[in-house]
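Protein chains in written order, with our numbering: chain A, 145 to 583; chain B, 145 to 583.
Worth double-checking, as some hints may not be accurate.
Identical copies go unnamed one by one, so any copy, or any two together, can satisfy a pair.
Said to hold, decoys possible - Straight-line alpha carbon distances no greater than 25 Å define the calculated SDA-like cross-link-like pairs of lysine to any residue that follow:
| # | residue 1 | residue 2 |
| --- | --- | --- |
| 1 | Lys-556 | Thr-185 |
| 2 | Lys-200 | Ala-566 |
| 3 | Lys-347 | Ile-357 |
| 4 | Lys-519 | Asp-570 |
| 5 | Lys-519 | Glu-581 |
| 6 | Lys-556 | Asp-542 |
| 7 | Lys-200 | Arg-573 |
| 8 | Lys-200 | Asp-542 |
| 9 | Lys-200 | Gln-559 |
| 10 | Lys-347 | Glu-372 |
| 11 | Lys-519 | Thr-561 |
| 12 | Lys-556 | Asp-522 |
| 13 | Lys-519 | Glu-163 |
| 14 | Lys-347 | Ala-386 |
| 15 | Lys-200 | Glu-168 |
| 16 | Lys-519 | Lys-556 |
| 17 | Lys-244 | Leu-579 |
| 18 | Lys-556 | Asp-521 |
| 19 | Lys-200 | Arg-574 |
| 20 | Lys-200 | Ala-567 |
| 21 | Lys-519 | Glu-195 |
These aren't lab readings, by the way, just hints derived from the structure by calculation.
Number of protein chains: 2
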Amino acid sequence: MKTVDTLIHAGWIVPVEPESVVLEQHSIAIQDGHILDLLPTAEARDRYQAEHEFDKPGHLLMPGLINAHTHAAMSLMRGLTDDLPLMRWLSEHIWPAEGKWVSPEFVRDGSRLAMAEMLRGGTTCFNDMYFFPDEVARLAEQTGMRAVVGLIVIDFPTAWAQDSDEYIHKGFAVHDQVKHSPLVTTAFAPHGPYTVSDEPLQKIVMYAEELDIPVHMHVHETAHEVTEGIQQHGKRPLSRLAELGLVSPRLLAVHMTQLDEDEIAIHADANAHVVHCPESNLKLASGFCPVQRLLDAGVNVALGTDGAASNNDLDMFGEMRTAALLAKGVAGDASALPAYRALEMATINGARALGLDAVCGSLVAGKAADIVAVKMDDLETQPLYHAISQLVYATARDKVSDVWVAGRHLLKDSQLTTLDEAAILDTARRWQNRLIEQS
Amino acid sequence: MKTVDTLIHAGWIVPVEPESVVLEQHSIAIQDGHILDLLPTAEARDRYQAEHEFDKPGHLLMPGLINAHTHAAMSLMRGLTDDLPLMRWLSEHIWPAEGKWVSPEFVRDGSRLAMAEMLRGGTTCFNDMYFFPDEVARLAEQTGMRAVVGLIVIDFPTAWAQDSDEYIHKGFAVHDQVKHSPLVTTAFAPHGPYTVSDEPLQKIVMYAEELDIPVHMHVHETAHEVTEGIQQHGKRPLSRLAELGLVSPRLLAVHMTQLDEDEIAIHADANAHVVHCPESNLKLASGFCPVQRLLDAGVNVALGTDGAASNNDLDMFGEMRTAALLAKGVAGDASALPAYRALEMATINGARALGLDAVCGSLVAGKAADIVAVKMDDLETQPLYHAISQLVYATARDKVSDVWVAGRHLLKDSQLTTLDEAAILDTARRWQNRLIEQS
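Could you build the full structure based on these sequences and the hints that come with them?
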């Protein structure tokens with residue numbers, strides 16, 4: 145008998161890799177934060193004894209969900225303004241509110257709320273784009289959650305930095321801050337083609353190569369952005385980015401609702417990634433990302449919730465379901481984006497886009513133990529014919545009972561272990577009152 | 145002090161009528177199953193004492209959700225087959241399975257599972273279309289849930305009836321069975337234009353008038369249905385229905401994804417209703433219902449989940465959110481179907497379509513006490529700037545804690561009071577094993 149840190153026995157395990165596999169009555173052995181073994185429960189009971197052992201015959205284990213695009217701190221603006229198109233929503237409401245409120249404290253409190261919501265819903269890793277990424281990084285480490293913090297760059301001054309050089313300079317400092325972190329990595333995060341000019345973009349291409357990190361950017365979110373790009377630069381934004389050298393395996397192009405066949409082919413050839421945010425695209429009427437066509441062309445498509453100000457949740461189970469449903473409607477084909485492909489988008493494809501696929505995104509021996517336990521024996525998920533279909537089409541985040549990140553038990557029987565729920569609620573209410581009183 | 149049966153004090157009440165209103169710190173007094181009064185909590189405490197009194201400062205009260213189109217018993221086929229287009233899904237999977245399994249026992253067990261799921265998610269009334277509606281009616285009464293049972297008519301023989309005359313004849317018997325029921329009413333439910341021929345449809349027009357009940361029918365679900373209708377009848381299905389006299393204020397036309405401007409105008413002029421089922425339409429790639437254009441034309445649009453075999457849940461909170469998001473994407477306008485309009489669709493519009501708007505659909509004195517309490521102080525719904533936006537965009541059904549139908553407390557602190565959850569789970573699992581073993 146070998147002694148391990150943790151042993152989890154489950155009714156079902158969906159490892160995501162290999163493809164479409166559902167293992168019944170299997171167990172996972174965790175040692176030093178990593179998956180040591182994944183084997184039939186009968187064998188696991190013979191082979192291992194554990195400090196922490198969990199019997200979950202009614203639960204399914206799956207890899208932690210990866211939210212490949214969010215603005216965590218914006219959770220403090222959840223539902224502040226709805227039912228408006230992107231540019232009005234941004235310029236008349238969100239940007240003024242951010243101008244007034246964004247501070248280290250705001251980012252800390254908003255990101256903490258977001259991380260609590262994500263962990264409760266089975267998200268173990270998020271790719272963030274916001275101001276004060278140093279705060280987000282510190283908080284992720286304290287909480288024990290995996291995060292890619294965005295080194296944001298935008299042409300206009302904010303509370304975080306005054307000009308593109310300062311944004312980049314501060315980005316370097318954040319990258320230094322986390323360079324030994326086992327949980328937090330960085331990505332350059334130029335906001336979008338319409339908010340970042342050529343010079344900083346060229347620098348980002350160079351520095352991303354130097355630091356060996358991804359580039360995370362809103363691209364072709366709306367038709368308006370494309371039209372405006374043509375007016376300003378004489379070409380579609382994606383062509384401009386390609387000329388600047390940004391369209392590469394480092395790029396996570398978020399949204400991508402406006403794409404012609406050539407652009408899909410160029411993106412595929414460049415091995416650049418797409419992050420699909422279906423609910424935000426619908427809510428802001430930004431357009432429809434051609435998900436099935438991208439997959440057919442061989443593009444790696446990940447999934448994100450966007451911020452809670454435009455969603456209005458950070459629910460990757462819901463996002464996965466919306467992605468699977470919407471892709472069929474958009475393709476006019478009910479076999480488009482079948483359940484397993486949607487699950488891939490929410491897990492391993494996100495890891496791949498973020499350069500983390502050796503670390504997480506699937507339940508494979510040697511990877512980090514980023515694991516979610518989902519209750520499958522409630523009324524809402526019965527009967528159960530196909531576990532993966534059930535996960536995508538019938539399971540909601542409230543069925544998540546336990547979450548481990550790097551083997552650490554961050555959600556235990558639906559209770560957060562490293563975050564203080566009451567304090568987070570209290571803080572959210574205080575911000576609510578401030579924003580209401582002074583808006 | 146007047147003594148009433150029940151008094152509920154809540155942080156917020158969204159009565160749905162009048163439009164867009166949010167009442168803070170208000171209470172509802174219930175007497176004999178009806179809403180007696182709706183007033184500020186301070187006054188309520190002075191004026192009423194109650195046998196059952198509930199203090200819910202962190203909760204919001206809203207009218208029970210009305211699922212205007214479902215096939216409750218099909219919950220036993222949840223996730224049986226996914227990712228297939230409508231006609232293949234029906235003819236190769238669902239219809240053969242129904243031919244083999246549908247029986248009074250199947251309908252009883254499936255409908256009980258469905259009702260449990262709906263009640264737990266805040267749905268108090270459903271409009272059902274399935275075989276053995278006598279069983280559904282009996283079960284709804286036993287459970288205390290409001291239902292409109294469909295007197296189904298279809299050209300081909302099933303376990304329920306052999307030919308259209310027998311379908312209609314059995315429908316009359318079900319109508320007689322429930323005529324004194326305070327909770328259950330009926331609607332004729334001819335399956336669809338492609339499955340019911342002219343003669344029975346003409347009889348249904350006549351008998352619906354005679355019995356004064358609605359007519360509930362799938363109409364223009366797919367482009368294929370329209371093309372086939374033109375081939376067979378030389379006209380689009382909706383034109384054929386109009387000529388047969390079916391397009392009237394009695395009609396609930398379900399799906400309606402294929403509509404030209406004339407058809408929208410004719411539907412509006414006839415005061416006929418539409419039941420929108422966005423998630424089923426997406427999942428089966430049936431097409432997009434032009435919801436905002438229908439609303440602009442003055443059509444009353446209600447909301448339904450369809451059956452759990454094609455959704456795969458009976459979650460009206462989710463459906464309301466999907467409807468609000470998708471309508472914006474389809475209209476290309478982020479101000480389309482704002483939160484309050486989506487809430488109307490899920491409540492009062494459903495009541496109106498079913499001829500029940502004097503009974504339910506809003507929290508107004510004199511109506512039945514069909515009330516849902518929703519927890520609004522969890523992480524996922526904080527901060528809270530606009531209660532109606534939060535209900536539609538950020539609240540999921542797991543926040544429903546209590547449900548009353550006609551004043552009876554059917555869900556109490558998330559526990560069903562008239563249905564045996566363990567027995568339902570056990571039965572669902574037995575059906576699952578039968579369907580797996582013998583398919």
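Status of each hint after checking the structure:
When the C-alpha separation of Lys-556 and Thr-185 is checked against a cutoff of 25 Å, the pair qualifies only within one copy, where the shortest distance is 21 Å, while the shortest distance between copies is 38 Å. For a Cα distance limit of 25 Å, the shortest separation of Lys-200 from Ala-566 across copies, 18 Å, qualifies, whereas the shortest one inside one copy, 28 Å, does not. In the homo-oligomer, the alpha carbons of Lys-347 and Ile-357 lie at most 25 Å apart inside one protomer (13 Å), although the nearest pairing across protomers, at 70 Å, exceeds that limit. Taking identical chains as interchangeable, the C-alpha atoms of Lys-519 and Asp-570 lie at most 25 Å apart only when they sit on different chains, with a minimum of 16 Å there against 29 Å within one chain.
When the C-alpha separation of Lys-519 and Glu-581 is checked against a cutoff of 25 Å, the pair qualifies only between copies, where the shortest distance is 24 Å, while the shortest distance within a copy is 41 Å. Taking identical chains as interchangeable, the C-alpha atoms of Lys-556 and Asp-542 lie at most 25 Å apart whether they share a chain (13 Å) or sit on different chains (18 Å). Taking identical chains as interchangeable, the C-alpha atoms of Lys-200 and Arg-573 lie at most 25 Å apart only when they sit on different chains, with a minimum of 18 Å there against 36 Å within one chain. Both within a single protomer and between protomers do Lys-200 and Asp-542 lie at most 25 Å apart by alpha-carbon distance, with minima of 16 Å and 21 Å respectively.
Within a single copy, Lys-200 and Gln-559 get their C-alpha atoms as close as 17 Å, and across copies as close as 23 Å, so both meet the 25 Å cut-off. Proximity of Lys-347 to Glu-372 under the C-alpha cut-off of 25 Å is restricted to the intra-copy arrangement: shortest distance 23 Å within a copy versus 59 Å between copies. Taking CA atoms no more than 25 Å apart as the test, Lys-519 paired with Thr-561 passes in both settings, with 19 Å inside one copy and 22 Å between copies. For a Cα distance limit of 25 Å, the shortest separation of Lys-556 from Asp-522 qualifies both inside one copy, at 18 Å, and across copies, at 17 Å.
Only within a single protomer do Lys-519 and Glu-163 lie at most 25 Å apart by alpha-carbon distance; the minimum there is 22 Å, versus 39 Å between protomers. For a Cα distance limit of 25 Å, the shortest separation of Lys-347 from Ala-386 inside one copy, 14 Å, qualifies, whereas the shortest one across copies, 65 Å, does not. For the homomeric pair Lys-200 and Glu-168, the shortest alpha-carbon distance inside one copy (12 Å) is at most 25 Å, but the shortest distance between copies (42 Å) is not. For the homomeric pair Lys-519 and Lys-556, the shortest alpha-carbon distances inside one copy (13 Å) and between copies (22 Å) are both at most 25 Å.
With identical chains, the CA atoms of Lys-244 and Leu-579 are at most 25 Å apart within one copy only, with a shortest distance of 10 Å there and 60 Å across copies. Taking the shortest alpha-carbon separations for Lys-556 and Asp-521, both the intra-copy value of 18 Å and the inter-copy value of 21 Å come in at or below 25 Å. Proximity of Lys-200 to Arg-574 under the C-alpha cut-off of 25 Å is restricted to the inter-copy arrangement: shortest distance 21 Å between copies versus 39 Å within a copy. With identical chains, the CA atoms of Lys-200 and Ala-567 are at most 25 Å apart between copies only, with a shortest distance of 21 Å across copies and 30 Å within one.
Proximity of Lys-519 to Glu-195 under the C-alpha cut-off of 25 Å is restricted to the intra-copy arrangement: shortest distance 23 Å within a copy versus 37 Å between copies.
The structure is consistent with each of the numbered hints, conforming to all of them.
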